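**Student:** Protein chains in written order, with this note's numbering: chain A, 1 to 412; chain B, 413 to 969.
It is worth saying that the hints were derived from the structure and are not from the lab. A hint or two may mislead.
[As the list claims (entries may be wrong)] Think about it this way: if two alpha-carbon atoms lie no more than 27 Å apart in a straight line, the pair counts; the simulated BS3-like pairs of lysine-lysine are:
1) B:K575 <-> B:K944
2) B:K681 <-> B:K704
3) B:K844 <-> A:K221
4) A:K141 <-> B:K694
5) B:K575 <-> B:K680
6) B:K607 <-> B:K623
7) B:K806 <-> B:K764
8) B:K478 <-> A:K380
9) B:K844 <-> B:K780
10) A:K141 <-> B:K777
11) B:K777 <-> B:K680
12) B:K780 <-> B:K833
[Stated by the list, open to error] To be clear about the criterion: a stretch of chain B counts as covered by chain A if any three or more of its residues have a C-beta under 8 Å from a C-beta of chain A, and this derived list gives those stretches:
13) 484-494
14) 573-586
15) 781-795
16) 879-892
Since this is a predicted model, take the numbers as computed values, not measurements. By construction, the Cβ of each residue, glycine as well, lies at the ideal position given by its N, Cα and C atoms.
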Amino acid sequence: MNLEVFSSNSLLISFFLYLISFFGFVWSIVGKGSLTKAANHTERWNRIGFGFGLAAWLAHVTFFLTRWAAAGHIPTSNMFEFMTFLAMMIGFTMLAFYLYSRNAILGAFSTPLAAIIIAFASVFPRDVEPLIPALQSYWLKIHVTTAAFGESFFAIGFAAGLMYLLRTTDYSAKDARSARAKRWLEVVLSVVMSIIVFCVLVFSFKATGVTYIFQNADASKEAVYVLPPLVGPNPSELTLSEASPNSWNGVHVPLVQAPSFMKGKDAARKFNTVIWTTVITALVYGLLRLTVARRGLGAVLSRMTTGLDPEDLDELSYRTIAIGYPIFALGGLLFAMIWAKEAWGRFWDNDPKEVWAAIVFLFYTAYLHLRLSRGWLGAKSAWLTVIGFLIVMFTLVGVNLVISGLHSYAGV
Amino acid sequence: MIDSVKCECGHANPTETVLCESCGKPLIELPEHELLEMRYDGIARRSQRTNPSVTDRIWRFFSSVKVAVNLIIFTLLLSSVGTIFPQESTLITIDGFKEISPEEYYSSTYGAAGELYYAFGFSHTYSSWWLTLLLILIGTSLVICSLDRILPLYRALSKQQAKKHPFFLRRQRLSLNRSSFEESWNVQFLLAAKKHGYKTHEVEDAIFLEKNRFSRWGPYINHIGLIVFLIALVFRSMVPDWTMDQYNAFTEGEIRQVPNTPFYLENKKFTLEYYPNESIPKLFQTDAVLYKCTSNCDNPNVDPTLKELMTKPIRVNEPLEYDGYSFYQYQFSIIPPQLNSIHVTLRSLNLKNQQTYGQFTLSLKNPKPEYTVGEYHLTLIDYKPDFSISADKKPTSKTQNANAPGFVFQVNGPNIPAEGKKFMYFPLPKDKAFYREADLNAKVGSPVELGVNGMQDLNFATAISYLNVRTDRVLPWIFAGIILFLVGVSIGLYWQHRRVWVRFDGSNMILGAHTNKNWLGFRRELYTILIKSGLTLDERDLVNSIEQEKEISNDES
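Isolated chain B (complex conformation) (with noise of 0.2 Å):
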C-alpha cells in the first residue's frame, strides 16, 4: 500500500482509518467523553475520503443510506400512483376500448384526471422510462453501498488482533475495570465464554472472544441476492429468445402447430363445470396431447409425421410443462357445434338383414384417403366439406367447413367387382334426406353404406381453448435472487456479531465488548459469563460510565 498511516503497534492502515485495524487506537483526533463510533469498525471507507474527486464524490452518492432510502420511497410513491386507474397494458380486456384510443378512453372515463394521467405518462407507470430508471439507480446503490463496506469490513475483520489499545477498551458502551484479579479467573471466564459458543482467542496479557462473526454478512447477502433479482430482471427484458408469451386457440379436436415452437397440440377435448345449483365455475379443462413433428414438418403438401409426447389435462393452476415451455389454460369461448369426426359403422345396404362389417372414424377435417374394414378396402374418391350442387350441376363445396360433409366412397371386396362400386355418405340427416343418399346408393348398385349407431358416434366441437404458452429461463434466478435475499435478512436480523475484548496491565484488567445489534441480550449473556467466572458485580457495572445514565438499547447494522 502506498499511501499508509502507521499506528504506535506497528500496523499500516490504509488512509482514512479511523481506528486502527489492529489494535483500535483512534488514528484520528477524537472528541473527549464520547463512545468511540464502532460502525464498520472504523475502517477507511471509499465514502468517506476527505478530498473527494469526481468519481469519488459518485461513489460516496450511491452508497449513500439516505440516498438508497429515498430511492425506495421515490419508487414507492411512484408505484403507488401507477395503481389509481387501470395501465393501458391492462385495457385490452375491458370492453368497447378497442374502437377508441387510451387518450380517449382515459378522457371520457376519468375526466380532467384521467387525462392529465394520461399525458404525464401514469398510463403505463410500469414500463416508464422513469420508473426503470430508478430501479436502475437503486441497482447502482445496492452495488456501491455493499462494495463501499464488505470489502474493508472484511479485510478488518479477518486480521482481529486480540490484544486492543486501553482507549480503544475504555471508549466501548460495554467496559469493566477490575484493579486486582486472581490467575484461575482467565481459565474460568475462557471456560464459561465457550459454553456460550463464543470462540475464544488467548494471546500473552490479552482474550478476545467472538462469536455469530457470519451475521455481519447478512446485509451484504441480502443486496446479493436484490442484485440478482435485479440482473435477471434486465437480462429477462433484454435477451427475447429467453422468454415468450403467447396465446393460440385450440379448437376442440384439431391437432394445431405452436407458433414458434417445434410442437404441435391437439385439443382432445374442453370440459367447463359449474357448481351444482351456482353460477360459479369449478373446471376449466383441456385434455391435451403434445406433439414435436419429426419429419415433413415444413412441407405443405404432405401432413407432418408427430410423435407423442405427453398427455396432460390442463387446468387454470395446473399447467403442461415440457421442455421450459408451459402451456396455461387461459379463457375459452363455446362455440355452435362443429361436428368434427365421426365414428361410421360400414354395413349392408340390405335392410331386412343387416350386417355390419365394422368401425372407423371419419374425420370431416382431413379424411384419409384409404380405410380397411373387415374384409372391404374404402378409397376416399372426393369430399366436399359444405356440399352443394353448382349452377352447371357439379358437386361443390361452398366453404371449407364441415356444415354439411358429403363423401363420394369406392369400395373392393367380397363380391364386388374389381374395379369397385362407389357409393355416398352424408353425415347429417337433413342432407342424407334432401340428397336421398339411399336412393343414389341403391340406384349405383352398391353393396354396402356408413352410418352411425347414435348421437355417441358423433365428434362435435363445442368450445375453443386458448392457451397461454410461455418460456421463462430467467425465472429460476428470480426466486434465486430473493431466496438469497430471505436468507440474508435473517442472518442479519436474528443473530449478532458479539465480541469481547479483555487486556491485563499487571494486576490491572479492562474489558470492552460491542455487538451490532441488541445490546441488552448482548449485556446480560456477558454479565452471566462474568458471573460464572466469579467475579462479584451489578449489571449496569458494565455500562460505560460515559452512558451510564442513558439506558442502552441503540442498534446498529
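The shape of chain A in the complex, shown without the other chains (with noise of 0.2 Å):
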C-alpha cells in the first residue's frame, strides 16, 4: 500500500470514528440512561464520545501527515486539501473546548460539523498535485493554517450559538417571536442538512460508474455530469455524447435545457445539482416532518439540549469568537497581505477572495461591537455567530464556486 492510499484510508477512517464519537455524545445526552439518570451514564458515554473524536483526529493527523509525506508539499493547496485541514482544526478546537467545558452536546454538535466538511470536501478532485510557482513558498505553510485555525473557532462559535438558539427557542409556545424563531432554524437546519444529502447524492451516483457526458462539435469543451441531467446544457453549446446513457431510469435525460441566461460550460451542471440537492433535500425533510420530526427538526433537536445553561452556551460562543477573530485577521489578513505583497507584488488586490476575507473580518468586527458595546447577548448574539459562519463558509467555498478570481484553484 503505498503512501496516498495510506493516507486517504486514514481520512476515511476518521470520518468514521468521527461519526461514532458523535453517536457516543448523543447518546450520553438522550441515551437510556440519562432518563433513568443511572449513575456513570454521562461520564462513561462522555469518555466514549471523547474517547472516539481523540482518535477520530488523530486519524485525521495520520492523513494530514502522511499526504504531506507523499505529496512533497504541504497538503492546503487545493480545495480538498484545505477543506480537510479545515476540519481537522474544527476537531482539534473542539476536543480542546470539551476538555474545557466537559460538554457532551458540545461535542454533538461539532463532530458532525467535522464530519460533513470531511464528506463535502471529498466531492472535489483528490488527486496529489504538485505546486504551481504562485503556491511554492512557506507562506503556504502559514497564512492557509493561521486562517483554517481562526475559522475552526468561528465554527465551534456556529454549533455553541445554534445551541443556545435551540435551547432557548420555546417549542410549545405560540407567539410570533417564538414562531419566527422556529422557521429560521429550520432553514438553519435544511441548509445544514442539504449539504449532507449533496455529498449522499454524489457519492452514490458515483458508485454507481455511470457519467454523461456533454461535449461540442469538436470535442473541445465538455460538461461531465455525475448526477443524472435533469437539466442539460444548451444543445447549440453542447450535446450529450454518443458513448453516455440517453436516459436514467426510464426518464428521458437531459428532461429540459437550462435557461438560456445561463451561460458558461459548467453553469448548467451547477443549476443540475442544485436541483437535485433541493429536490432530494425537500423530500427528506418532509419525509422526516411526517415521521420523527413531526413538530420540525429544531424540536428534536431542543430536546437534547434541555439539560444545558443557556448562559454558558452564550458565554461559550463569545469567547470562541474572541479567540478566533484576532487569529483570523492575523492569517487572513495580515499573513495573506505579506504573502500577496512577496508573490504578486500587491498586498492588496480586489480579488474576490480578499474581500470577502475582508468581509468575514467586517462582520466579525460588528459582532464585537454590537456584544461588547451594545449589550447584544443571547439570541441576537447567537444569530450572529449562525450568519458569520455562513459568510466564512461562503468565502471558503461559495466564492470558489461562484465567483473565481486569483484563489480559484480549487478545481472546481
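Could you fit the two chains together into a complex? Lean on the hints.
**Tutor:** Next comes the structure, spelled out in C-alpha cells:
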C-alpha cells in the first residue's frame, strides 16, 4: 500500500470515528441511562464520545502528515486539502473546548460538523498535485493554516450559538417571536441537511460509475455530469455524447435544457446539482416531518439541549469568537497581505477571495461591537454567530464555486 | 476648569460627570434599586452633553458605536456587491475585452444585470467615491470614538481615590456587606490579593485593589492601529512618489534600462520548467543582473557605463529587492528563437591543418568595435543585422533584427600586411552558403576566419520575461498598523481590568468590585481571595442583592 492510499484510508477511518464519537455524545445526552439518571451514564458515554473523537482526530492528523509526506508539500493547496485541514482544526478546537467545558452537547454538535466538512471536501478532486509557482512559498504553510485555525473557532462559535438558539427557543409557545425563531432554525438546519444530501447524492451516483458527458462539435469543451442531467446545457453549445446513456431509470435525459441566461460550460451542470439537492432535501425533510420530527427538526434537537445552561452556551460562543477573531485577522488578512506582496507584488488586489475575507473580518468586528458595546447578548448574538459562519463558508467554498479569481486554484 | 461640579467629598468634577471622579458618589439623580452604570466610570464625555451645539451633535454622531457598526455593515454589503461580477480593472486580462467597451462587455456577458451593474458603478466598486467616503467616515468615527472616551477615561483612572462613597459600593454588581470583622483581616486580605497579582493601595479606613488597568487601553490601541492603517492608505494614494507600479519587458540576453529608475536590468536567461509528465508549470525564473548607471546615462551616442549591483534568479514568490525597489516575475512569452550573441573562434583559413587562435563573444545587438584574440587584432568594419544586397548592388540591412547577420572585419597580426586584411562572417549557415563566405574570404586572401564549434556556442533569446517593478514606501506603515491593531485586540479581549474597593466605617465593612469583562472569572477570583483572608461566605453572596436572582454573565467593554 503506498503512502497516498494509506493517507486516504486514514481520512476514511477518521470520518467514521467522528461519526461514532457523535453517536457516543448523543447517547450520553438522550440514552436510556440519562433518562433514568443511571449512575455513571453521562461520564461513561462522554468518555466514549471523547475517546472516539480523539481517535478520529489522530487518524485525521495521520492523514494530513502522510499526505504531506506523499506530496512533498503541505496538503493545503487545493479545495479538498484545505477543507479537510479546516475539519482537522475544527476537530482540534472541539476537543480543546470539550476538555475545558466537559459538555457532551458541544461534541454532539461539533463532530458532525467535522464529518460533514470531510464528506463535502471529498466531492472535490482528491489528486495530489504538484505546486504551481505561485504556491511555492513557506507562506502556504503559515497563511492557510492560521486562517483555517481562526475559522475553526468561528465554527465552534456557530455550533454553540446554534445550541443556544435550540435551547432557548420555546417550542411550545405560540407567539410570533417564537414562531419566527422556529422557522429560521428550520431554515438553518435544512441548509446543513442539504449539504449532507448533496454529499450522499454525489457519492451514491459516483458509485454507479455512470457519467453523462456533454460535448461540443469538436469535443474541445465538455461538461461531465455525475448526477443524471435533468437539466442539460444549451444544445447549441454542448450535446450529449454518443457514449453516454440517454436515459436514467426510463427518464429521457436531459429532461429539459437550462434557461438561456445560464452561460458558461458549467452553469447548467451546477444548476442541475442545485435542483437535485433541493428536491431530495425537500423530500427528506418532508419525510422527517411526517415521521420522527412532526414538530420540526429544531424541536427534536431542542429536546437534546434541555439540560444545558443557556448562559454557558452564550459565553462559550462569545469566547470562541473572541479567540478566533484575532487569529483569523492574523492569518486571513495580515499573513495573506504579506504573502500577496511577496508573490504578486501587491498586498491587496480586491480579488473576490480577499474581499470576502475582509467581509468576514468586518462582520465579526460588528459582532464584537454589538456584543461588547451595545449589549447584544443571547439570541441576537447567537444569530450573528450563525450568519457569521455562513459567510465564512461562502468565503471558503462559495467564492470558488460561484465567483472565480486569483484564488480559483480549487479545481471545481 | 470653569464649569465644574463640586462633590461633597470636595472634588471638582467637569460638568456632566455622572459619578464623582474621586469618591464615586452619583452627582445626578439615579433610579432606585438599580446597579450603577459603570461604563467609562461615569465620566463626562463630550458626546453625552445635554445641550449640544452643532459641533457637539456631529461629535455625538461619530462617537456613537451604533453609527460605527452601521458604517461597517454598509461597507461590508457594498464590498460584497463588488464581487458579483469581475471588476473593470481585472478585465484587461480577459481575451477580446480590449475591442469592446466595458459597457458593451457587461451587457453582452451578463445581460440586463450586467447593464445595471455597470450603470450603478459597481464595475469599479473599490475605487468608487462612495466606498472611499465610507472608509473616510469609518476613519473619522475611529478617531472621534477614541478621543471621546480615552482622554476622560485616562484622567478618571489616573486619579482614583481608594475611599469610595457607600452608595457607590452598594450599587456595584459584586458587593458584600459585613458588620463585624477582625483587625488582622486587613493583613490577610492584602496578602491574598497580592498573590493574585493585585496592586494594593491602603489608606485610612479603606483599601483599593486593582489589576490589569492596561487592558482598558486595548480598544484604543487597536483603533490607533486601524487609524495608522487608514492614514497609510490615504498617503499611498495621494503621494505618487511613494509608490511605483510598472510592467517592463526584458528579452533574454538584453540589458535594458528600467524606466523611471536609475537601474538597468539584464535578463540573462529565462527558464520555464514543467513537472515531469504533467502540464503543471514548476518554475518561472528570470536570471537577472541589476546594474546602476554611473556615467553617460543620458547620452544617446555613447553606451552608458554600468556598475553591477546584484545577480539573482527572480521567481514567483522570490522577487529581486534592492533599495526599496522590487522586481517581480509577472509574465513571460515564448518567442521564435532570436540569435543574441555567438561565442566565436578565430581560426586559420587553411582547412588541412587548421589552427585556432582564440575565442571571443560577438554580440548581434551591440557588437563592440574592436577585439584582441591571441596575437591578432580584429576591427569591426561593418555590421548588417539583416544582411541583403540592394538594387544598386550595395550591402544593406533590411531590418534591425538579427535575421541574417553579416559582419565585415579587418584583421591585423603576424604575417599580415600593416594595412590589414578584410574578411566576412555570416553566422547563420544559410547565409554562409548563399553569400559564399568561404569563397569571398579566399578571394581577398584573408588568412583567418570566424566559426563556431557547435550549437553550444550560439546564444538564442527564446523568451521575453515581464517583470513588475514596484516601490511601496508606505507598506511598513500598513503592516505596522495591522500589528498594532492585533496587539490592541489581544490586550482588550484577553485581560480584564479588575478593581475592588473596601471601606470601613467603624466595625462595618462594605466591599464593591468591578470588572469590564468576564464577571464569572472575577467573582471566582474574589471569592478565593476572601476565603484565603479568613472570611466565611458563599460565592453567590458576592452577587449584589439587586441582581441576586439574575445570573451574572453580562460583559462590558
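**Student:** Look at each hint and say if it fits the structure.
**Tutor:** Taking the hints in turn, this is what the structure says about them:
For the hint pairing K575 of chain B with K944 of chain B, the CA-to-CA distance comes to about 23 Å; that is within 27 Å, so the pair holds. Distance check on the hinted pair: K681 of chain B and K704 of chain B sit about 20 Å apart at the alpha-carbon level, within 27 Å; holds. Between K844 of chain B and K221 of chain A the CA atoms are separated by roughly 48 Å; this puts the pair beyond 27 Å, and the hint is violated. Of the pairs offered as hints, the one joining K141 of chain A and K694 of chain B holds, with about 18 Å between alpha carbons and a cut-off of 27 Å not exceeded.
Proximity of K575 of chain B to K680 of chain B is assessed by CA-CA distance (about 78 Å); at most 27 Å being required, the pair is judged violated. For a cut-off of 27 Å, the pair hint linking K607 of chain B to K623 of chain B stands: about 12 Å separates their Cα positions. A distance of roughly 34 Å separates the Cα atoms of K806 of chain B and K764 of chain B; the hinted pair therefore is violated under the 27 Å criterion. A distance of roughly 15 Å separates the Cα atoms of K478 of chain B and K380 of chain A; the hinted pair therefore holds under the 27 Å criterion.
A distance of roughly 22 Å separates the Cα atoms of K844 of chain B and K780 of chain B; the hinted pair therefore holds under the 27 Å criterion. With a CA separation close to 45 Å, the supplied pair K141 of chain A and K777 of chain B exceeds the 27 Å bound. For the proposed pair K777 of chain B and K680 of chain B, the alpha carbon gap of about 14 Å is at most 27 Å, so the pair holds. About 19 Å separates the Cα atoms of K780 of chain B and K833 of chain B, which keeps this hinted pair within 27 Å; it holds.
Check on the segment 484-494 of chain B: 7 of its residues sit with their Cβ under 8 Å from a Cβ of chain A, so the three-residue criterion for coverage holds. Under the rule that three or more residues need a Cβ within less than 8 Å of chain A, the assignment of the segment 573-586 of chain B is violated, with 0 such residues. Chain A is given as covering the segment 781-795 of chain B, and this is violated because 0 residues of the stretch bring a CB closer than 8 Å to a CB of that chain, at least three being needed. For the segment 879-892 of chain B, the stated coverage by chain A holds: 6 residues have a C-beta nearer than 8 Å to a C-beta of that chain, and at least 3 were required.
This entry does not satisfy hints 3, 5, 7, 10, 14, 15, going by the numbered hints stated previously.
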